[in-house]
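Protein chains in written order, with the working numbering: chain A, 1 to 332; chain B, 333 to 535.
Because the hints were derived from the structure by calculation, they are not lab data. Certain hints may be false.
The following label-pair restraints were derived from C-beta to C-beta distances [unchecked claim]: (1) B/F407 with A/A79: 33 to 43 Å; (2) A/F51 with B/P386: 29 to 39 Å; (3) B/A508 with A/A79: 41 to 51 Å; (4) B/E516 with A/K54: 38 to 48 Å.
Calculated from the model, a selection of chain B residues having no Cβ within reach of chain A, i.e. all distances over 12 Å [as the list claims (entries may be wrong)]: (5) Y340; (6) C359; (7) E364; (8) V392; (9) P406; (10) A414; (11) Y420; (12) E429; (13) V477; (14) N484; (15) Q487; (16) H488; (17) G493; (18) V496; (19) P497.
Here are some of the chain A residues that sit facing chain B, going by a computed Cβ distance under 10 Å [as the list claims (entries may be wrong)]: (20) F25; (21) L27; (22) A31; (23) F51; (24) L107; (25) D109; (26) V114.
Even glycine gets a Cβ: it sits at the ideal position worked out from N, Cα and C.
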Amino acid sequence: MFQMYYYLKNLSPTQQVGMLFVTIFGLLLLASVGAFLLSVREHADEARADFWRKELKSLDAMLRTSWLMVLVFWIGWAAGDWVALTLFAIVSFFALREFLTLSPTRLGDHRSLVLAFFVVLPVQYALVGGGHFDMFTVFIPVYVFLALPLASALANDPLRFLERSAKLQWGIMVCIYGMSHVPAILMLKFPGYEGRSAFMVFFLVAVVQVCMVTQHIAAQRMRRKPIAPAISQSFNWDSWGLGVLVGSLFGALLAGITPWVPGTAFAAAFIACSAGGLGHFVMKALKRDRGIPNWGAEGQSVTGAGGLLDRVDALCFAAPVFFHSARWYFGV
Amino acid sequence: MLAKMMSYFLLGLIRVLTGSQARWHGCPPKAEQRIYFANHQSHADLVMIWAALPKELRSVTRAIAAKDYWTKTPFKKWLTSAVFNVIYVSRDRTSDEDPLEPLFDALQNGDSIILFPEGTRGFTGEPQPFKAGLYNLALKYPNVVLVPAWINNVQHVLPKGEVVPVPVLCSVTFGAPMQLGAGEDRRAFLERARAAVVALRDV
Numbered sequence: 001m002f003q004m005y006y007y008l009k010n011l012s013p014t015q016q017v018g019m020l021f022v023t024i025f026g027l028l029l030l031a032s033v034g035a036f037l038l039s040v041r042e043h044a045d046e047a048r049a050d051f052w053r054k055e056l057k058s059l060d061a062m063l064r065t066s067w068l069m070v071l072v073f074w075i076g077w078a079a080g081d082w083v084a085l086t087l088f089a090i091v092s093f094f095a096l097r098e099f100l101t102l103s104p105t106r107l108g109d110h111r112s113l114v115l116a117f118f119v120v121l122p123v124q125y126a127l128v129g130g131g132h133f134d135m136f137t138v139f140i141p142v143y144v145f146l147a148l149p150l151a152s153a154l155a156n157d158p159l160r161f162l163e164r165s166a167k168l169q170w171g172i173m174v175c176i177y178g179m180s181h182v183p184a185i186l187m188l189k190f191p192g193y194e195g196r197s198a199f200m201v202f203f204l205v206a207v208v209q210v211c212m213v214t215q216h217i218a219a220q221r222m223r224r225k226p227i228a229p230a231i232s233q234s235f236n237w238d239s240w241g242l243g244v245l246v247g248s249l250f251g252a253l254l255a256g257i258t259p260w261v262p263g264t265a266f267a268a269a270f271i272a273c274s275a276g277g278l279g280h281f282v283m284k285a286l287k288r289d290r291g292i293p294n295w296g297a298e299g300q301s302v303t304g305a306g307g308l309l310d311r312v313d314a315l316c317f318a319a320p321v322f323f324h325s326a327r328w329y330f331g332v
Numbered sequence: 333m334l335a336k337m338m339s340y341f342l343l344g345l346i347r348v349l350t351g352s353q354a355r356w357h358g359c360p361p362k363a364e365q366r367i368y369f370a371n372h373q374s375h376a377d378l379v380m381i382w383a384a385l386p387k388e389l390r391s392v393t394r395a396i397a398a399k400d401y402w403t404k405t406p407f408k409k410w411l412t413s414a415v416f417n418v419i420y421v422s423r424d425r426t427s428d429e430d431p432l433e434p435l436f437d438a439l440q441n442g443d444s445i446i447l448f449p450e451g452t453r454g455f456t457g458e459p460q461p462f463k464a465g466l467y468n469l470a471l472k473y474p475n476v477v478l479v480p481a482w483i484n485n486v487q488h489v490l491p492k493g494e495v496v497p498v499p500v501l502c503s504v505t506f507g508a509p510m511q512l513g514a515g516e517d518r519r520a521f522l523e524r525a526r527a528a529v530v531a532l533r534d535v
């Protein structure tokens, strides 16, 4: 066990990242083969078969998301930081498209929407790519905060102005600002950790994903009383806590790929997981406000939303908190 | 060649901007002669409905465009004739010929057509009353299948008077085919057709 650990520790960064991807692709392949074998199994009675079909369908969706995520990471790592940035920018674009589709805007907002998609989004990612930390952390909360309502006000339409501006600003904060902090981690320079920042991005995404999946399963199995049933039928402190705990423990296990000792990795994962779980809950409240269970409820949505935002919202809240706490604490 | 590239470019653009999702609710996409009629709120409507159709149907499905507006500049003319192969209809009634004459030709050829019976782009969510063209076509070609369609959300992509489109998810819902009833009154038929389009908004 320890021999293995030291063997891995002594590999070059490139080899380590390569190993990581080989392992993950292997695990995913095993899971996919398993799901396929389960899907061809015969069942004695119809009710059981039906149950299994439903289980497999959600498993299948989860596997497909994971494949896509890992593929994105792999491409991002193999092709360099700028490609990774572009990929995250594309995710931002589609997430914002989903967000704004379900927050109806008025015709007067057209110019500010154009600005949001075609100016704010590229500029934010360019700032991240250039490593201008002090600028990209304030660009949206300070400059865009004034610019977009200005564009809307110039359209001469006062009806529900505060609501419209707030919705747009929120969408940009979550989908562009939050999301852009994931690739921003690539730009953090931890001493003695050069060339391995891709691991940190993987660390963040992996712990948040593990936390969310655990929370989801725990909420289904434990069936505790929901805290705010009008907002979420499933969210309760027990399953949230369990999700955060499992996510953080997983983070501690991954300490070998971070510049940290297991204790620090646990703390960092704890911060990211708490923020992610709570952020997901906040987004639930937003969806309730729009009267939908999911951004992309299959068969129900007129908009054709793919539910991308359902999958990435936890990350959008976890990333800025993780990024800024790590940066502040370690002074990088 | 250029026209082909332009059509791929526009298709890609509309997919990125709107997702251009087709929802076949009342009928499957099928290679039969059809008249698709839909609400009209934006220039992007034409591309939307066109992108929502399967590739095989796109080449035999032609939209209607107002002659005065779409032949004004060489670019508009090229776009509508070379890329979309639209059927021009003149809106002014100075000419002696029936304004629907070009449509009759197209239907005679076996083409399917896309029709916006409101005649012009509306501003409000509710479609305006339908013009009589749809009734006349249904009367003259009873064998052509009439398919109502609702284009959702597209007015936010490109409002009248704007040039830069914004990304918003849109969908086209195709409903169950309808027919002109025996001896059905023109007003009643047009009202029924409009109701069929509006009904698709909520499915």
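Check your understanding: Once the closest CB in chain A is found, is it more than 12 Å from B/Y420?
Key -> holds, 29 Å
**Study point:** Restraint check, 10 Å cut-off on beta carbons, for A/D109 near chain B
**Key:** holds, 9 Å
**Study point:** Separation of B/V392 from chain A, once the least beta-carbon distance is taken, above 12 Å
**Key:** holds, 25 Å
Exercise for review: Mind verifying the non-interface call on B/Y340? Its CB should be farther than 12 Å from each CB in chain A.
Suggested key: holds, 19 Å
**Study point:** Distance rule for B/A414, whose beta carbon must clear each one in chain A by more than 12 Å
**Key:** holds, 28 Å
**Study point:** Cβ separation of A/F51 and B/P386, checked against the hinted range 29 to 39 Å
**Key:** Given a distance of about 35 Å, which is inside 29 to 39 Å, the answer is holds.
Review point. Is the Cβ of B/G493 farther than 12 Å from every Cβ of chain A?
Key: Non-interface label fails for B/G493: nearest chain A Cβ at 9 Å, not farther than 12 Å.
Review point. Taking 33 to 43 Å as the hint, is the beta-carbon distance of B/F407 and A/A79 inside that range?
Key: holds, 37 Å
Review point. Are A/A31 and chain B close enough, Cβ to Cβ, to be under 10 Å, as the hint says?
Key: violated, 29 Å
Check your understanding: Against chain B, is A/L27 within 10 Å by beta-carbon distance?
Key -> violated, 32 Å
Review point. Does the Cβ distance between B/E516 and A/K54 fall inside 38 to 48 Å?
Key: holds, 46 Å
Point to revise | Exclusion check [B/E429 not at the chain A interface, CB over 12 Å] | key: With a cut-off of 12 Å, B/E429 remains clear of chain A, as the shortest Cβ separation is near 38 Å.
In the structure shown, a violation is registered for the earlier hints numbered 14, 15, 16, 17, 18, 19, 20, 21, 22, 23, in ascending order.
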